[in-house]
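Visitor: Just so you know, the protein sequences line up as chains A and P, in that order. The opening position of the first sequence corresponds to residue 1 in my numbering, with each subsequent residue numbered one higher. The opening position of the second sequence corresponds to residue 1 in my numbering, with each subsequent residue numbered one higher.
Simulated from the structure, these hints should not be mistaken for laboratory data. Predicted model only: the values in this text are computed from it and were never measured. Every residue, glycine too, gets a C-beta built ideally from N, C-alpha and C. Hints may contain errors.
What the hints assert, rightly or not - Which bits of chain P does chain A cover? Going by a derived footprint, with three or more residues having C-beta under 8 Å, they are: (1) 148-154; (2) 200-208.
Stated by the list, open to error - Ranges between beta-carbon positions, derived for each pair: (3) A:Ala501 / P:Arg163: 45 to 51 Å; (4) A:Ser322 / P:Leu96: 47 to 53 Å; (5) P:Thr126 / A:Ser142: 45 to 51 Å; (6) A:Thr317 / P:Leu96: 32 to 38 Å; (7) P:Arg163 / A:Ser290: 43 to 49 Å; (8) P:Ala121 / A:Gly285: 48 to 54 Å; (9) P:Leu96 / A:Gly492: 55 to 61 Å; (10) P:Gln151 / A:Thr277: 43 to 49 Å; (11) P:Ala121 / A:Ala315: 35 to 41 Å; (12) P:Glu179 / A:Ala531: 40 to 46 Å; (13) A:Asp313 / P:Ala159: 47 to 53 Å.
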Amino acid sequence: MSSPCFVAALLVALLAPSARAQTVVDTQPTGPAGPVTRQIAGLVRLDLAGRILPVAPSFEFVQSHFEGDVVALALDTVVHPQWAGVGATIWLCEHRDAAQWALDPTLADVRGTPQAVVFAAGGLNANRFVLDDGFLSGFVPSGLGRGLDVVIDADASGTLSSGDWIDGGGDTPGLWLLYPTALQGPHPIVETLYSGGSFLGQNLYYPANIAQLGPLPLVVVSHGNGHNYQWYDHIGFHLASYGYVVMSHQNNTVPGPMAASTTTLSNTDWFLGNLGTIAGGVLAGLVDSSRIAWIGHSRGGEGVAIAYDRLFDGAYTPVNFSRADIVLVSSIAPTDFTGNASANPHDVPYHLWTGGADSDVNGCADCNICQTFHLHERATGERSSISLHGAGHGAFHNSNSGGLFAAGPCQLSRQDVNTLVKAHLLPLVEWYVKRNPAGRECLWRQWEAFRSPGAPASSCVVVDLMHRPAAANRLVVDDFETNASLALSSSGGAVALAVDAPTEGLLDDANTSFTHLGSEPMNGMTFSGSASDQTRGLVFGWNGADRSIAFALVPGVRDARGHTHLSLRASQVTRDPLTTAELGDVDFTVRLVDEQGASASMRISAYGGGIEEPYQRTSCGTGAGWANEWETVRLPLEGFARVTPGLDLGALSAIELHFGPSHGSALGRLGLDDLEFTRD
Amino acid sequence: MNTTSKLALAVALLLSAAGPLVLSASVGREPSEAERAAPSVRALVLARPFTLERPASHLWRAEPADYDAGWLVVLEIDPAFTTPRQSFEPVLQAGLETVERVNHGQGSGRVVGIVPSARGADGRPTLDLSRTVFFHGPEELPERLSEAELQRALARAAANGARPFAVDQVATAIERGGELVALPSRDELDLIVGLLVLEYAPEEVDLGTGLLAPRVR
Numbered sequence: 001m002s003s004p005c006f007v008a009a010l011l012v013a014l015l016a017p018s019a020r021a022q023t024v025v026d027t028q029p030t031g032p033a034g035p036v037t038r039q040i041a042g043l044v045r046l047d048l049a050g051r052i053l054p055v056a057p058s059f060e061f062v063q064s065h066f067e068g069d070v071v072a073l074a075l076d077t078v079v080h081p082q083w084a085g086v087g088a089t090i091w092l093c094e095h096r097d098a099a100q101w102a103l104d105p106t107l108a109d110v111r112g113t114p115q116a117v118v119f120a121a122g123g124l125n126a127n128r129f130v131l132d133d134g135f136l137s138g139f140v141p142s143g144l145g146r147g148l149d150v151v152i153d154a155d156a157s158g159t160l161s162s163g164d165w166i167d168g169g170g171d172t173p174g175l176w177l178l179y180p181t182a183l184q185g186p187h188p189i190v191e192t193l194y195s196g197g198s199f200l201g202q203n204l205y206y207p208a209n210i211a212q213l214g215p216l217p218l219v220v221v222s223h224g225n226g227h228n229y230q231w232y233d234h235i236g237f238h239l240a241s242y243g244y245v246v247m248s249h250q251n252n253t254v255p256g257p258m259a260a261s262t263t264t265l266s267n268t269d270w271f272l273g274n275l276g277t278i279a280g281g282v283l284a285g286l287v288d289s290s291r292i293a294w295i296g297h298s299r300g301g302e303g304v305a306i307a308y309d310r311l312f313d314g315a316y317t318p319v320n321f322s323r324a325d326i327v328l329v330s331s332i333a334p335t336d337f338t339g340n341a342s343a344n345p346h347d348v349p350y351h352l353w354t355g356g357a358d359s360d361v362n363g364c365a366d367c368n369i370c371q372t373f374h375l376h377e378r379a380t381g382e383r384s385s386i387s388l389h390g391a392g393h394g395a396f397h398n399s400n401s402g403g404l405f406a407a408g409p410c411q412l413s414r415q416d417v418n419t420l421v422k423a424h425l426l427p428l429v430e431w432y433v434k435r436n437p438a439g440r441e442c443l444w445r446q447w448e449a450f451r452s453p454g455a456p457a458s459s460c461v462v463v464d465l466m467h468r469p470a471a472a473n474r475l476v477v478d479d480f481e482t483n484a485s486l487a488l489s490s491s492g493g494a495v496a497l498a499v500d501a502p503t504e505g506l507l508d509d510a511n512t513s514f515t516h517l518g519s520e521p522m523n524g525m526t527f528s529g530s531a532s533d534q535t536r537g538l539v540f541g542w543n544g545a546d547r548s549i550a551f552a553l554v555p556g557v558r559d560a561r562g563h564t565h566l567s568l569r570a571s572q573v574t575r576d577p578l579t580t581a582e583l584g585d586v587d588f589t590v591r592l593v594d595e596q597g598a599s600a601s602m603r604i605s606a607y608g609g610g611i612e613e614p615y616q617r618t619s620c621g622t623g624a625g626w627a628n629e630w631e632t633v634r635l636p637l638e639g640f641a642r643v644t645p646g647l648d649l650g651a652l653s654a655i656e657l658h659f660g661p662s663h664g665s666a667l668g669r670l671g672l673d674d675l676e677f678t679r680d
Numbered sequence: 001m002n003t004t005s006k007l008a009l010a011v012a013l014l015l016s017a018a019g020p021l022v023l024s025a026s027v028g029r030e031p032s033e034a035e036r037a038a039p040s041v042r043a044l045v046l047a048r049p050f051t052l053e054r055p056a057s058h059l060w061r062a063e064p065a066d067y068d069a070g071w072l073v074v075l076e077i078d079p080a081f082t083t084p085r086q087s088f089e090p091v092l093q094a095g096l097e098t099v100e101r102v103n104h105g106q107g108s109g110r111v112v113g114i115v116p117s118a119r120g121a122d123g124r125p126t127l128d129l130s131r132t133v134f135f136h137g138p139e140e141l142p143e144r145l146s147e148a149e150l151q152r153a154l155a156r157a158a159a160n161g162a163r164p165f166a167v168d169q170v171a172t173a174i175e176r177g178g179e180l181v182a183l184p185s186r187d188e189l190d191l192i193v194g195l196l197v198l199e200y201a202p203e204e205v206d207l208g209t210g211l212l213a214p215r216v217r
């Protein structure tokens with residue numbers, strides 16, 4: 001490639017509207033290097049690594065890959081025509097930041113040899129190359145995620161130099177390769193059982209080499225009623241093996257979740273205040289009290305939310321930590337005895353686990369204290385949720401002396417659920433507690449397309465994920481919380497509904513059963529537990545004919561640049577004839593339209609999965625199908641821009657949802673909420 | 001922690017800490033119909049008075065109160081009342097007081113409980129077990145129960161025929177429990193409770209060993 005040609009092409013790329021697929025995100029200025037070179041000049045930075053899709057848009061630029069997955073590279077020669085017909089060498093290298101690359105620019109391919117390719121005309125589809133077909137290991141000596149950088153060595157110099165294209169090589173790598181999160185990590189573990197007195201019994205797990213690892217975050221586990229603090233070995237051993245201190249404590253659950261919250265607080269405080277004596281003092285100075293996660297199960301799951309609420313309200317003042325030190329509250333099948341005023345995570349990052357087969361905190365419409373989603377809906381900060389079909393209440397701990405408390409078909413064993421917990425918990429805490437982004441995509445990418453090797457994979461394992469970033473990273477088009485009119489979105493744009501029986505309202509089942517009556521639009525919804533719980537949404541259907549909903553975008557939400565995804569959450573409506581007629585994932589099409597009339601359409605299934613069918617559990621009225629399970633669908637804006645290269649993401653005019661035989665599933669009935677642009 | 005190591009720990013603790021305790025391996029004869037105080041609480045198996053040098057808080061009611069004396073009891077319970085649930089459970093009462101139910105009794109049918117009491121001039125708990133009705137009140141969270149609600153529950157139980165245990169049963173239970181034990185604090189009481197759980201509700205071994213976990217001082 002001649003240098004003038006290259007520069008001209010680069011300028012074209014840079015000056016073009018940002019609504020471009022695979023845009024260059026950064027170039028470092030060329031020119032004489034200063035006396036102290038801290039980074040290599042003239043590099044072109046853009047996304048290159050990802051995975052090949054079988055359908056349009058044919059490729060997904062993703063950050064994370066599990067060991068064993070196929071890792072690929074794609075380059076769009078429509079967007080970057082200077083590469084058409086050009087040969088180059090692709091290097092897959094251990095990640096270095098800019099300064100490290102400047103210090104040692106030598107390219108060293110982790111595969112042994114670099115990969116010679118010739119880029120073709122014809123856009124991205126013609127330029128997808130497998131970088132690794134599952135051979136590389138994701139193992140790292142500590143933590144999660146092996147960072148790798150992808151380099152197109154433009155001048156074939158064997159060094160990273162001006163004019164080379166790179167994915168990564170800065171603050172973050174081009175891709176993360178993940179060791180199976182279901183498998184134990186690298187550190188040997190010490191477990192010890194002790195007590196500081198009444199209701200201060202604790203089971204402690206920590207890496208045996210903690211002295212070499214430095215201050216580690218603390219994960220506190222608060223058990224449920226009739227459970228025991230020694231029943232969380234699967235969590236303790238797993239997280240300790242990845243560099244966490246895990247303390248599971250005696251929890252005073254029988255009086256109620258308020259008492260449980262007290263033991264969560266007092267055990268955390270006592271533990272941090274007695275590091276000099278616990279386990280002979282080996283943890284002294286080695287527990288990072290500014291990074292604490294609380295995980296509670298059942299009444300304990302409500303208790304941890306109450307504990308945070310008490311800190312939030314100033315009703316409890318610990319000695320050895322403060323509210324700001326709680327960086328994650330995670331509830332496993334939580335009760336909701338105390339309602340919005342107390343069982344409220346407020347602004348803390350919050351995570352929820354729900355078992356579809358739970359016969360204790362069972363989720364039925366007749367048991368308001370048994371509906372797990374209330375706490376999740378109250379969380380105003382970043383939040384995530386995982387629902388597991390077939391998981392019973394007792395399957396989340398590891399003791400066979402406690403019952404499974406499960407009902408429904410296709411039940412999962414305790415071992416399977418424990419493994420699923422481990423597989424999901426590790427990337428969860430790595431993100432929320434350590435802010436390690438390596439496994440963050442586990443929180444929202446469709447389980448069908450992205451899951452840890454070693455996680456159970458039978459057809460009974462059905463997983464629904466919800467994820468919502470913090471408010472600063474969301475541009476809300478319609479969350480249905482304001483402007484109750486069907487014809488108006490919460491952001492103020494017109495909504496044109498051409499679907500069957502649309503209803504907007506509180507996402508709360510109006511009676512005490514999941515029986516389909518035809519007169520209860522919010523059947524199966526379990527988001528609201530108190531008068532002050534106000535999560536609202538839309539339900540609607542279609543039946544064999546093409547239907548649509550169009551959200552007109554007002555000026556404040558027309559510029560999606562700066563965001564990475566179009567996001568929505570949806571659920572099938574349980575026991576509705578339009579749901580039961582075709583039990584399976586529901587698929588539909590999302591279309592973005594810009595002010596010039598250009599548009600791009602994409603099936604939600606393009607990246608794997610769809611909106612799952614309800615868990616086919618009976619009781620709670622007549623019929624089959626349990627509480628509506630919502631899941632988040634995130635479609636990369638980059639994909640839309642690649643489907644229609646002229647689409648202007650900076651001046652969008654509408655988001656359209658198309659349903660029916662021409663656009664996905666022929667029929668269905670859905671709940672819809674949180675239509676927004678997001679970024680991580 | 002695996003079951004073998006838990007049992008080993010329990011045995012070791014029993015051998016080292018149970019010295020002053022007199023624990024019977026027998027729960028005595030099955031109470032007759034006439035002796036049944038209430039359908040769900042079938043028998044008083046064991047009762048032992050205790051005092052605490054440092055008062056503890058009884059959190060099992062809406063208005064928590066400190067106590068420095070009380071009874072350790074082992075009750076035989078209708079199995080229908082022994083399955084732990086996360087939702088509301090029937091609240092075990094001893095007269096006007098809630099019982100701190102240490103275990104659920106699943107499998108064994110035996111519940112170890114702590115019944116707070118005032119301390120009399122003689123240094124013993126003032127609560128007279130031979131005049132106390134043990135029963136399950138309505139399903140609620142103990143921490144939400146007010147004095148008035150406890151009174152109403154007691155009145156309903158009495159109206160439904162609940163009566164105190166027979167005097168001779170109470171006497172046998174107290175004899176089985178042993179002498180008054182004077183303890184520095186609730187922490188030491190937990191050690192005795194842990195041993196009772198291991199003996200009378202061995203299915204809940206994790207609870208027992210957890211209560212007996214080595215103290216960090």
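Visitor: Take the hints in turn and mark each one as holding or not.
Guide: Against the structure, the hints come out as follows:
Look at the segment 148-154 of chain P against chain A: 0 of its residues bring a Cβ nearer than 8 Å to a Cβ of that chain, fewer than three, so the hint is violated. Counting residues of the segment 200-208 of chain P whose beta carbon lies closer than 8 Å to any beta carbon of chain A gives 5, which meets the minimum of three for the stated coverage. Distance hint check: the CB atoms of A:Ala501 and P:Arg163 are about 59 Å apart, inconsistent with the given range 45 to 51 Å. At about 40 Å, the CB distance of A:Ser322 to P:Leu96 disagrees with the hint of 47 to 53 Å.
Checked against the given bound of 45 to 51 Å, the beta carbons of P:Thr126 and A:Ser142, roughly 60 Å apart, lie outside it. Taken as a hint, the range 32 to 38 Å holds for the pair A:Thr317 and P:Leu96, whose Cβ atoms sit roughly 33 Å apart. Here the CB-CB span from P:Arg163 to A:Ser290 is close to 58 Å, at odds with the stated 43 to 49 Å. Judged by the Cβ atoms, the range 48 to 54 Å given for P:Ala121 and A:Gly285 holds: they are separated by roughly 51 Å.
Checking the proposed 55 to 61 Å range against P:Leu96 and A:Gly492 shows it holds: the Cβ atoms sit about 59 Å from each other. Hint check: P:Gln151 to A:Thr277, Cβ distance near 45 Å, so the stated range 43 to 49 Å holds. For the pair P:Ala121 and A:Ala315, the supplied restraint of 35 to 41 Å holds, since their beta-carbon distance comes to about 38 Å. Here the CB-CB span from P:Glu179 to A:Ala531 is close to 55 Å, at odds with the stated 40 to 46 Å.
Look at A:Asp313 against P:Ala159: about 41 Å separates their beta carbons, and that is not inside 47 to 53 Å.
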